[in-house]
Amino acid sequence: MTDASMDKIARATPAPMARRIRGLSDRTIAWIFVAPSIFLLLAVNIFPLIWTIRLSFTDYRVNRPNREAEWVGLENYQRILSDSGIWSTMQATAHFLIWTIVLQVLIGFALAYLINMKFRGNDLWTTIIVLPMMLSPAVVGNFWTFLYQPQIGLFNYVIAFFTGADPASFSMIGDVNLAPWAIIIADTWMWTPFVMLICLAGLRSIPDSIYEAAECDRASKWRQFWTLTIPMALPFLMLAVLFRGIENFKMFDLVVQLTGGGPGNTTTLTSIDLKREAFERWRTGYSSAYAVILFVTVFGLASIYVKALTKVKER
Amino acid sequence: MKKQFMATVATGAFLAAGATSAQAEDLTLCWAAWDPANALVELSKDFEEKSGHKMSFEFVPWPNFADRMLNELNSGGQLCDLMIGDSQWIGGGAESGHYVKLNDFFDAEDITMDDFIPATVTGYSEWPKGTPNYWALPAFGDVVGWTYRKDWFERPELQAEFKEKYGRDLGVPATLAELKDIAEFFEGRDIDGNTVYGAAIYTERGSEGITMGVTNALYNYGFLYENPEKPYEMEGFVNSPGAVEGLEFYKALYDVGPPPGSSNWYMGENIDAYKSGQVALQMNFAFIWPGVEADPNVGGGKSGYFPNPAGPAGQFAQLGGQGISVVAYSSKQDAALEYIKWFAQPEIQARWWELGGYSALKAVVEDPGFASSQPYAQTFLDSMAIVKDFWAEPAYADLLLAMQEKIHDYVIAGNGTAQEALDGLVEEWTVIFEDEGKL
Numbered sequence: 001m002t003d004a005s006m007d008k009i010a011r012a013t014p015a016p017m018a019r020r021i022r023g024l025s026d027r028t029i030a031w032i033f034v035a036p037s038i039f040l041l042l043a044v045n046i047f048p049l050i051w052t053i054r055l056s057f058t059d060y061r062v063n064r065p066n067r068e069a070e071w072v073g074l075e076n077y078q079r080i081l082s083d084s085g086i087w088s089t090m091q092a093t094a095h096f097l098i099w100t101i102v103l104q105v106l107i108g109f110a111l112a113y114l115i116n117m118k119f120r121g122n123d124l125w126t127t128i129i130v131l132p133m134m135l136s137p138a139v140v141g142n143f144w145t146f147l148y149q150p151q152i153g154l155f156n157y158v159i160a161f162f163t164g165a166d167p168a169s170f171s172m173i174g175d176v177n178l179a180p181w182a183i184i185i186a187d188t189w190m191w192t193p194f195v196m197l198i199c200l201a202g203l204r205s206i207p208d209s210i211y212e213a214a215e216c217d218r219a220s221k222w223r224q225f226w227t228l229t230i231p232m233a234l235p236f237l238m239l240a241v242l243f244r245g246i247e248n249f250k251m252f253d254l255v256v257q258l259t260g261g262g263p264g265n266t267t268t269l270t271s272i273d274l275k276r277e278a279f280e281r282w283r284t285g286y287s288s289a290y291a292v293i294l295f296v297t298v299f300g301l302a303s304i305y306v307k308a309l310t311k312v313k314e315r
Numbered sequence: 001m002k003k004q005f006m007a008t009v010a011t012g013a014f015l016a017a018g019a020t021s022a023q024a025e026d027l028t029l030c031w032a033a034w035d036p037a038n039a040l041v042e043l044s045k046d047f048e049e050k051s052g053h054k055m056s057f058e059f060v061p062w063p064n065f066a067d068r069m070l071n072e073l074n075s076g077g078q079l080c081d082l083m084i085g086d087s088q089w090i091g092g093g094a095e096s097g098h099y100v101k102l103n104d105f106f107d108a109e110d111i112t113m114d115d116f117i118p119a120t121v122t123g124y125s126e127w128p129k130g131t132p133n134y135w136a137l138p139a140f141g142d143v144v145g146w147t148y149r150k151d152w153f154e155r156p157e158l159q160a161e162f163k164e165k166y167g168r169d170l171g172v173p174a175t176l177a178e179l180k181d182i183a184e185f186f187e188g189r190d191i192d193g194n195t196v197y198g199a200a201i202y203t204e205r206g207s208e209g210i211t212m213g214v215t216n217a218l219y220n221y222g223f224l225y226e227n228p229e230k231p232y233e234m235e236g237f238v239n240s241p242g243a244v245e246g247l248e249f250y251k252a253l254y255d256v257g258p259p260p261g262s263s264n265w266y267m268g269e270n271i272d273a274y275k276s277g278q279v280a281l282q283m284n285f286a287f288i289w290p291g292v293e294a295d296p297n298v299g300g301g302k303s304g305y306f307p308n309p310a311g312p313a314g315q316f317a318q319l320g321g322q323g324i325s326v327v328a329y330s331s332k333q334d335a336a337l338e339y340i341k342w343f344a345q346p347e348i349q350a351r352w353w354e355l356g357g358y359s360a361l362k363a364v365v366e367d368p369g370f371a372s373s374q375p376y377a378q379t380f381l382d383s384m385a386i387v388k389d390f391w392a393e394p395a396y397a398d399l400l401l402a403m404q405e406k407i408h409d410y411v412i413a414g415n416g417t418a419q420e421a422l423d424g425l426v427e428e429w430t431v432i433f434e435d436e437g438k439l
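Residue numbers (UniProt numbering), protein chains in the order written: chain A, 1 to 315; chain B, 1 to 439.
Just so you know, these hints were derived from the structure itself, not from any lab.
Glycine included, every Cβ here is placed at the ideal spot set by N, Cα and C.
One thing to keep in mind: the hints can contain errors.
To be verified - Coverage of chain A stretches by chain B, computed from C-beta distances (three or more under 8 Å per stretch; other residues unrestricted): (1) 64 to 72; (2) 142 to 152; (3) 255 to 263; (4) 279 to 292.
Claimed, not checked - For the chain A half of the interface with chain B, some residues (derived, Cβ under 8 Å), not all of them: (5) 173; (6) 174; (7) 176; (8) 266; (9) 276.
Chain A with its partners taken away, still in its complex shape (with noise of 0.2 Å):
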């Protein structure tokens, strides 16, 4: 800010606020600024982080507010922890994001290497392309449930078309080996165009006179790729798998709309089964403990991330 907006700033201000604020510190100043900041976030953040902690020690069912919670200790997390259900659902959970992460690393990378060249129309597939990202995710899994319909689905007739397959032979979202797939397919058909302009925004920001140089030291493309492209990209790509992973810890909605989280328990990721036991089983206290246990997971693991990722960016 200018002295002279300063000055129009305290020439506006009335006589009475002026004497009270001259009396305060610039610490004091700070604070009331922030506080209603800080305020929210209490409210908003950490008290209910607080409350769920506290809840996943008792037996509190909000279903039934006639009766008093009792405290049951590590009760709640013993019983996860020896779940094997849950187990199931994390082992289900940990393969949806490792192949959507892998799948759409590798698709956008190479989508943004496409686009990086300059061509013809190439502002016009760069929009083409995001679009799926656009829709709803349940949108997104309403017409993939059409796609993968056996009878009548696109999909079933694309593969049915190079393998000679019946379409109705078989049925992606409807058998256990398939189901995983078909989540993973569409998830990867969002997002991949999310990854491809965080790594487009990488390559970009990589300047041409690098490469001029390397080509003054008769670098081949090849070589170029791997020792500038790759290493300068890199955070950028990191930066992509945090965001996707995220995101995809916390899958619900796509999932839900396109299987249910079936065939069986196939399909049912963790986001699901939280759900299922916080507000149709109504197991509040269980639930609660449930969440902990994924947020500390999430946590650890992001900030282990995060730190890896610095230390791209210092190299």
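Got chain A; can you put chain B on it based on the hints?
Positioned in the frame of chain A, the structure of chain B alone reads:
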């Protein structure tokens, strides 16, 4: 207890003030979004005219109905003055104080539960079951039954082929085993140039679908929820040899009968499959029958209806339907009770049936002309005589989800055996009842 006391006071206040409230209210009735709800909107115009109250409606699609409405009740929300809640909610509604107890109101208004089909009174109104404590008025009788393509069944070439293959006529199945044969017979068959399939059955995973379907097989093979002599004792009843056989039957039916991709189907998907001419049979609640009759593709005599066929242990069918309750958190309970009084009248119930609502009033269903009033009326009566319902305990949601998981995992995902699925169900239900303090 305090809420129940308040509710009783509110009922008393209403009775003291007389049946007609002086003040016009805006009442909200909450129900599922389905065909009968539209009929109720039409029916309620008469109430608006006569009472001066205005009716608003909050209809939620079935897959989200329980989630949305139980959230509303559990949070003490005032959105709904009247709730047509699912039959299994009655225990929770009563014990958690969500519903107003209606006994005093019924006594004062000469509404007697003897006037309603007994199964609907037990299923929709009573808690605890078998006791004269009423928390709802039976509003919509419903039961799982079967719809079949009568026009296909009557084709001479199909009849001849069926007789040759199975040694009996192609007709309404008397047993579940016969039903499976018919489903198998039609599976993948070419009819008028289209590939058709056997039977659309309930397989839905997320809410209550597969449970509402599989019980129609389980009951008829000998499944019982508990020892009739000792409440909550489930070992040997839920997982009896008969129950295991019933579950194996349902899986076998799933393996031979339904269209490809029907691994998560409930009412809507079954209706679509049937109306679009994909299947010869569909399992569904009776509420869909008026819509089937009116459909240009499958209505007008092309379809027939039959109750759930018998199994080795008897003939039963899964109860659906709901009662109408006054929500304890409503500030307009007087007007809401007025609505129930109006709805209970025989002439309104007769009109309800005409519009497509399944009245549970004996005066309507025992009328000499009822059975012939619609092609499905007799099937409805026969089906309502053989109903059984899922647990209506306050922990019903817990019990239901456990069953959904176990059954879907075995029938659809093909994991484990039927015995393991039912043993696992007994274990989970035991833990739930232990948590509830009932074991």
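Hints breached by this structure: none
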